[in-house]
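Asks: Top line first, the protein sequences correspond to chains A and B. Okay, so the first sequence: first residue is 1 according to full-length UniProt numbering, each after it adds one. Okay, so the second sequence: first residue is 1 according to full-length UniProt numbering, each after it adds one.
Some clues are possibly wrong.
Cβ pair distances, simulated, as ranges [said to hold, decoys possible]:
#1 B:E145 with A:V93: 51 to 61 Å
#2 B:S164 with A:P290: 36 to 46 Å
#3 A:R189 with B:K331: 52 to 62 Å
#4 B:Q162 with A:A74: 54 to 64 Å
#5 B:S94 with A:D24: 51 to 61 Å
#6 A:P290 with B:T137: 45 to 55 Å
As a list, the in silico SDA-like pairs of lysine to any residue whose alpha-carbon atoms are at most 25 Å apart [as the list claims (entries may be wrong)]:
#7 B:K15 with A:E130
#8 B:K77 with A:E130
#9 B:K15 with A:K82
#10 B:K132 with A:S135
#11 B:K158 with A:L285
#12 A:K82 with A:Q228
#13 B:K158 with A:L215
#14 B:K158 with B:E182
#15 B:K158 with A:E197
#16 A:K296 with B:H155
#17 B:K132 with A:L215
#18 A:K296 with B:K132
#19 B:K158 with A:E130
#20 A:K296 with B:A161
Derived by calculation from the structure, the hints in this document are not laboratory data. All C-beta atoms in this analysis are idealised placements derived from N, C-alpha and C, irrespective of residue type, glycine included.
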Amino acid sequence: MIDYLRDWLWTYVWKPLPDMPFGDWMETFIRWARDAWAAGFDAVDTGLEFLYANLADGLLWLPSGIMVLLFAAAAWAARGWKLGVGIGIGMFVVAWTPYWEQTMQTLSMVLVSAAIAILLAIPLGIAAAESRAVSAVARPVLDFMQTLPAFVYLIPVVMLFSVGVVPGIIATIIFAMPPGVRLTELGLRQVDREVVEAGQAFGASPARILARIKLPLALPTIMAGLNQVIMLALSMVVIAGLVGGGGLGSVISGSLGRLDIAAGFNAGLAVVLLAILLDRVTQGLSDRTPVARAAKLAR
Amino acid sequence: MSAIAVESLYKVFGKGARGAVSQLKAGVPRDQLNAKGVTAAVIDHNWSIEPGEIFVVMGLSGSGKSTLIRMLNGLIKPTSGRIEIDGVELGSLSPRELRRLRREKISMVFQHFALLPHRTVVENVAFGLEIKGLNKTERLERAREAVELVGLSGHEDKLPAQLSGGMKQRVGLARALAADTEILLMDEAFSALDPLIRQEMQDQLLELQSKLAKTIVFITHDLNEAMRIGDRIAICDGEVKQLGTAEDLLLRPADEYVAEFTADVDRSRVLTAEAVMEPCGTGDTSEFTTVESDVHVNELYEPILSSKAPLLVVDDNADPLGVVTTRSIIKSLSPEPDTGAGEAEQERQPA
């Protein structure tokens, strides 16, 4: 009886539904977009390539030993001498591996894509905080962007931009942007209502309330978003090595193919140390925002 | 012209607010609307405030007083009715004109201070002037004056986190004073403070008021506070239950609700010699100690104890108005409304 029911369900209820060609639709769209907006993609390609190449050249312009000192100095300025010393040691170890050049390439990709991601994320986050409608639309889109497996981005992006650094950067921007938007929105929505009311009561315009009250008070949360964006960017940039993104990602995907434990470990170590550098420095910067400093005084 | 005038003012929250207003006008009670998920916060307010007056709106939480004060500067739009500030109807203003009105005419002090945590005291005080578009030197100079006015000199460069609650609220007050507006809205401004600090702030407000003569709308849930600082008091529970001076409320409560409120008030600090005195009669009063008519009852204890005769109450021209005896003082302290003395005594016999 049960078997009969099951057969019936499979035959008449489920089976008649055809497989939906979601994937085909996407492919058709991407192919169409490639031809229709070719000029736009070319411009983006050239622009990103230009940014990346110049930044990477800049970071590699000085010998690694001097760059190590510069990184240590940046960490010192951001947080204090302890972090300066720690980062100095970490970057010295990186310079000791055979992959300093690749590390600087990876860092360039992270900085370019994180900068663009945050430049897109902050206005979007502001719009989402100010408008319920924008927030309602943005939320599922951001969920989609963040949960779609990272590898899947690479396929259409390679189709649009061919292999190289740029598809890696594009995929990274898409993948790393969501926490920037979310935390900007969260930070703005968390601002004390009474303080916003005070702005209104003294006759400030909405733009002024945003600039003088909401954004300064939300800045620590926005900085936490920046931190998240950068960390996600680093993880994605490594995956982008699969499509010829260069940098440490290429070393890692190459050593995966050859089962080269030594090269893989060297590159992995460099990634970890780079991650620590980026994380601690951005955290140090967020502790330096005026509101975070004032909060520290209260304790 | 009145500084602030409101006319059949209503604010109802929830779906079908406009319909609810017509129901309220038709006499449907507030509770019945609550059951339908509609909250009537402000019901049929009609009053006006003269320049220089301290007008206290007193009510329990949920009585619509915060909503009311936010309607006066347009932060909340009324469901129906008119609000006039210096003769200008708020509903007729565009958002831009409304912001201009707030910058020039109305400032506000908040219950939880609403200071910017990353700005120093003087920068916080200068906020209103910054919005007005004053240049930095001028606004900081005027902010410093306001800081001095509220007695915070020496703390100009501290951050709010380094101040106590009372000091923070002084910053809030200074910010409102620095904006130099005629009207000052104070939303439970002292409610978050300790009792001692609260009294200190009340005294300071009265002292400042004697110099500055602003028009002040003061919201509170504390009747003692209301009676202490208010020239007139409106007791609200959605609608205005009674509007009058502190003495009116104590001596002539409009209904049970008001009487219940006023039962716990320290009457000796509100009632004046004039309110408790009895007629002089025709006897010789030349030997009596005199007191001014506006002296509070609690300041009469000492003179009446050191004098064998009653006290003679006199007006500004030293003309006699009446006499105060020990008996009239004790009588004034009982919250019973004016009934015959004999009856009152009988009622108080143990059953």
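Asks: Determine for every hint whether it applies to the structure shown.
Replies: Here's how the hints hold up against the structure:
1. Restraint check, E145 of chain B to V93 of chain A: a C-beta distance of roughly 59 Å satisfies the suggested window 51 to 61 Å.
2. Checked against the hint of 36 to 46 Å, the C-beta distance between S164 of chain B and P290 of chain A comes to roughly 22 Å, which is inconsistent with it.
3. Our hint of 52 to 62 Å for R189 of chain A and K331 of chain B holds, since their Cβ atoms are close to 58 Å apart.
4. Restraint check, Q162 of chain B to A74 of chain A: a C-beta distance of roughly 31 Å breaks the suggested window 54 to 64 Å.
5. At about 53 Å, the beta-carbon gap between S94 of chain B and D24 of chain A stays in the expected band of 51 to 61 Å.
6. Roughly 22 Å separates the CB atoms of P290 of chain A and T137 of chain B, a value that falls outside the hinted 45 to 55 Å.
7. Proximity of K15 of chain B to E130 of chain A is assessed by CA-CA distance (about 23 Å); at most 25 Å being required, the pair is judged to hold.
8. Restraint check for K77 of chain B and E130 of chain A: satisfied, since their Cα atoms lie roughly 20 Å apart, inside the 25 Å limit.
9. Annotation: proposed proximity of K15 of chain B to K82 of chain A is violated, straight-line Cα distance about 59 Å (limit 25 Å).
10. Note on K132 of chain B and S135 of chain A: the hinted pairing is violated, with a Cα-Cα distance of about 33 Å set against a maximum of 25 Å.
11. Restraint check for K158 of chain B and L285 of chain A: satisfied, since their Cα atoms lie roughly 23 Å apart, inside the 25 Å limit.
12. For a cut-off of 25 Å, the pair hint linking K82 of chain A to Q228 of chain A stands: about 23 Å separates their Cα positions.
13. For the suggested pair K158 of chain B and L215 of chain A, the alpha carbons sit about 22 Å apart, so the restraint of at most 25 Å is met.
14. In summary, the hint linking K158 of chain B to E182 of chain B is not supported, as the alpha carbons are separated by about 28 Å, beyond the 25 Å threshold.
15. Pair hint K158 of chain B plus E197 of chain A holds up; C-alpha atoms about 23 Å apart against a cutoff of 25 Å.
16. As the CA atoms of K296 of chain A and H155 of chain B are separated by approximately 19 Å, the hinted pair is consistent with the 25 Å bound.
17. Under the criterion of a C-alpha separation no larger than 25 Å, the hint pairing K132 of chain B with L215 of chain A is consistent with the structure, at around 20 Å.
18. At roughly 31 Å between alpha-carbon atoms, K296 of chain A and K132 of chain B are farther apart than 25 Å, so this suggested pair is violated.
19. Between the alpha carbons of K158 of chain B and E130 of chain A the distance comes to roughly 32 Å, so the proposed pair goes past 25 Å and is violated.
20. Annotation: proposed proximity of K296 of chain A to A161 of chain B holds, straight-line Cα distance about 9 Å (limit 25 Å).
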